[in-house]
Amino acid sequence: MIEFNNVTKYYKSNVGLDNVTVRINKGDFVFLVGPSGAGKSTFVKLILKEIDADKGTIRVRGEDVTKMTSRQVPLLRRNIGIVFQDFRLLPKKTVYENVAFAMEIIHQPRKAIRRNVPQVLSMMGISEYARKYPDELSAGEQQRVAIARAIVNRPKILIADEPTGNLDPDTAWEIMQLLNTINMRGTTILMVTHAKDIVDRMEKRVIAIENGRIVRDEFGMYGYMQALQNTEMTFDTVEVETRRLFKTRFRRGGQRR
Amino acid sequence: MSLFYTLKQAFIQFFRNLNTGIVSIFAITAMLLILSIFFIATININMAAETIKGDYDSIQVYLTDETTADDAQMMVADIKTVKGVEDARYQTKEEAMAEFKTRWGDNSYLLENLQENPLPNSVIIQIGDLEQADAIAKKAATYAGVEDIKYYKNTVDKLLKVTRFIQISAVVVMIFLIIISIIVVSNTIKLTVFNRADEISIMKYVGATNWFIRGPFLVEGIIIGLISAGISLAIAAAMYHKIIEVIGDQMMSMLSMRIVPEDFLIYNLTWIFLALGVSIGACGSIISMRKFLNA
Ligand SMILES: Nc1ncnc2c1ncn2[C@@H]1O[C@H](COP(=O)(O)OP(=O)(O)OP(=O)(O)O)[C@@H](O)[C@H]1O
Ligand SMILES: [Mg+2]
Chain A
107 MIEFNNVTKY YKSNVGLDNV TVRINKGDFV FLVGPSGAGK STFVKLILKE IDADKGTIRV
167 RGEDVTKMTS RQVPLLRRNI GIVFQDFRLL PKKTVYENVA FAMEIIHQPR KAIRRNVPQV
227 LSMMGISEYA RKYPDELSAG EQQRVAIARA IVNRPKILIA DEPTGNLDPD TAWEIMQLLN
287 TINMRGTTIL MVTHAKDIVD RMEKRVIAIE NGRIVRDEFG MYGYMQALQN TEMTFDTVEV
347 ETRRLFKTRF RRGGQRR
Chain B
1380 MSLFYTLKQA FIQFFRNLNT GIVSIFAITA MLLILSIFFI ATININMAAE TIKGDYDSIQ
1440 VYLTDETTAD DAQMMVADIK TVKGVEDARY QTKEEAMAEF KTRWGDNSYL LENLQENPLP
1500 NSVIIQIGDL EQADAIAKKA ATYAGVEDIK YYKNTVDKLL KVTRFIQISA VVVMIFLIII
1560 SIIVVSNTIK LTVFNRADEI SIMKYVGATN WFIRGPFLVE GIIIGLISAG ISLAIAAAMY
1620 HKIIEVIGDQ MMSMLSMRIV PEDFLIYNLT WIFLALGVSI GACGSIISMR KFLNA
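Quick note, the sequences are listed as chains A and B, same order. Using my numbering, the letters of the first sequence correspond one by one to residues 107 to 363. Using my numbering, the letters of the second sequence correspond one by one to residues 1380 to 1674.
Simulated from the structure, these hints should not be mistaken for laboratory data. Take the hints with a grain of salt, since some may be wrong.
[As the list claims (entries may be wrong)] Straight line, CA to CA, 30 Å or less: simulated DSS-like cross-link-like pairs of lysine-lysine:
| # | chain 1 | residue 1 | chain 2 | residue 2 |
| --- | --- | --- | --- | --- |
| 1 | B | Lys-1387 | A | Lys-238 |
| 2 | B | Lys-1462 | B | Lys-1387 |
| 3 | A | Lys-199 | B | Lys-1670 |
| 4 | B | Lys-1670 | A | Lys-155 |
| 5 | B | Lys-1569 | A | Lys-155 |
| 6 | B | Lys-1569 | A | Lys-199 |
| 7 | B | Lys-1670 | A | Lys-151 |
A quick note: this is a predicted structure, and the numbers were derived from the prediction, not measured.
Working from the sequences, and respecting the hints, build out all of it.
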């Protein structure tokens, strides 16, 4: 679904990404973690072709993003939904209009808009807020609207850059359930986050980057060594844990077709 | 649906930013008015220059009243053989008067009070090669029965130089004014772009095409340009009407020069202003989009 091959991106002398090779498969749910300035947003921006790589190739759904012209970029983005930490809803539009907007601007027929928008609002559990304005909603509800907007065009990939950053833990967990549901329906999800507890609890693939390099790519925990320390694992538990990881990986591998 | 959206959005943006819009319309209207003054002056000077040039490439040889038509015809035949002469013809004083009247047009009634025709018979030499003009004039002076030779080379040369200078300065000033107008529009559009920055960023993420995003800004710029063009056209037309009313006759009788007719000028000004309005608006918005939409 998303493939980075030896991708390097520098901002003048600042390293954004340094020779990154990674592959995210169809239907994956992947966390992208790492300290501030590690290059996570750079990774996301490269997928969306907001910025161009200095070196390497990036493939999204088989198409080489690095070779795309600016005319093709809108079509690339129609296959990718995006959610931000700060929701980015339009304050003068109602919830319904905010979601419908995403369909209108890519010329979807009215009939489809009238059908799809209520559907995703109900899926996100915010049908009753359709006529409200964003500032009348709680943070969690606003993020649901933002997710609804991101998926209303049925993108194959959903990217979330710290979607739970502004939310309290309970609300954050609700949002994670929604993302999980979306993932179950076949959408590939890439989520940038600092939220250790969420990552640990979700037990998904975790790609960790630091200084523009991938330092770890495995299933399970936010930080593996930390996990070891925190749970005071014995050899037994390490063994169990390793097996579990291995299994998960194996199962994932099977899904790749 | 897309065109409808673009127009609708453009008007919404325009009215949301009405104050800035009106200010820039005022500014551009002022620019266009100054421009139209230069334009009116230039085409009138052009027309005068053309009239003068018409006289310039001909030499008028005035004949004494005693010279017969036959003598004149012989002179014509002879002078046609001179190097640099394109054509020569004999013109009676009656013909000269008739031509005068047509040139004066509506004001020819001024000539009606004349008791006798003051104009002489003449031979009019059409010069083909301007380099030879002096030689031809000298040669013409040698014929018998020549009273006077009217030939204004130096005066005309100077006049043409002056008009050329005026034309060039007018073009420079006009270009300058157009550039200023474009900057004014681009600043106005910049404001609307900033006002809609959030919306635009979402549109980009969702995959709206570049032209879909740019369209409303382009149209907004064109709206500003066209409104300015319309207002300045109306004012310029009224102004020119007044000018013709007040000094049109004097120009005619004092300089025997005709002012460019009103309907001709307004017709041309309409097209020029429409074209300028659209292109100033379009250029202005394209510039600000290049800068602030990077799309
Ligand atoms: N436009 C830019 N110009 C110059 N340097 C930049 C630019 N964008 C990012 N950087 C630098 O590139 C590096 C990676 O930035 P990036 O935004 O990818 O980090 P991040 O992992 O998203 O951090 P955070 O968790 O704070 O969002 C940082 O050192 C940052 O300073
Ligand atoms: Mg970031």
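Hints breached by this structure = Violated: hint 2 alone.
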